[in-house]
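Chemist: If you want the building blocks of each chain, they are given just below.
There are 2 protein chains.
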Amino acid sequence: MPGGRVLPHPDLGEVALTDVLFALSDPVRLDIVQQLAAGPMTQVACHEVGGDMAKSTRSHHLKTLREAGVVRNEPSGRERLLTLRRDELEQRFPGLLEALLRSR
Amino acid sequence: MPGGRVLPHPDLGEVALTDVLFALSDPVRLDIVQQLAAGPMTQVACHEVGGDMAKSTRSHHLKTLREAGVVRNEPSGRERLLTLRRDELEQRFPGLLEALLRSR
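Sequence order for the protein chains is U and P. All letters in the first sequence, in the order written, are residues 1 to 104 by our numbering. All letters in the second sequence, in the order written, are residues 1 to 104 by our numbering.
FYI, nobody ran anything at the bench for these hints, they're computed from the structure. Backbone N, C-alpha and C define an ideal beta-carbon position, used for all residues, glycine too. Just so you know, not all the hints are guaranteed correct.
What the hints assert, rightly or not - Heads up, incomplete: computed chain P residues facing chain U, CB under 10 Å, no partners named:
(1) F22
(2) D26
(3) P27
Same shape as in the complex, but just chain U (with noise of 0.2 Å):
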């Protein structure tokens, strides 16, 4: 991925339940998720969670997690940046992500 694309984010007004959950239903992206709900975290260091994996495998999950409204992936300077979108997801799904981040 170009380092500085700028990359489509959907409103989360927009964004179904289903489309959440099913984009939390993989074991990679419920362990990305959960250590980007300790703080951000840039992309490259997103490659070192789940264990070894085609580097297109975790592209496809990161952007499955972005479609989904779950996570940002942003240009930062000559890195990208991803952060979950925790207040967004808690107004949207009240209580939804604190019970899953709970749950594991």
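Based on these hints, arrange chain P on the given structure of chain U.
Modeler: The following block gives chain P in isolation, referenced to the frame of chain U:
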């Protein structure tokens, strides 16, 4: 499905969070869970949930929910009764089901 067949139900302790999230990531299945939250439902009544679809499709959805530990599907007289495993789910994944029911 034969009237009185006893189907296997997993122990909630052996169910992964991702399995439950996947089971609930489909609008028809989430609808069924939503309705079961209001009380048990016969399998026949369940067949009125979510509009028109092939019986085999709905059976597949019920199987997915049962195998993820979300519902029980048990013989009851000449019918089959579906119940939400609400207390067990609350114990295994505190707050999750309530957040989901609140978020529709």
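Chemist: List, from low to high, the hint numbers that the structure doesn't satisfy.
Modeler: none
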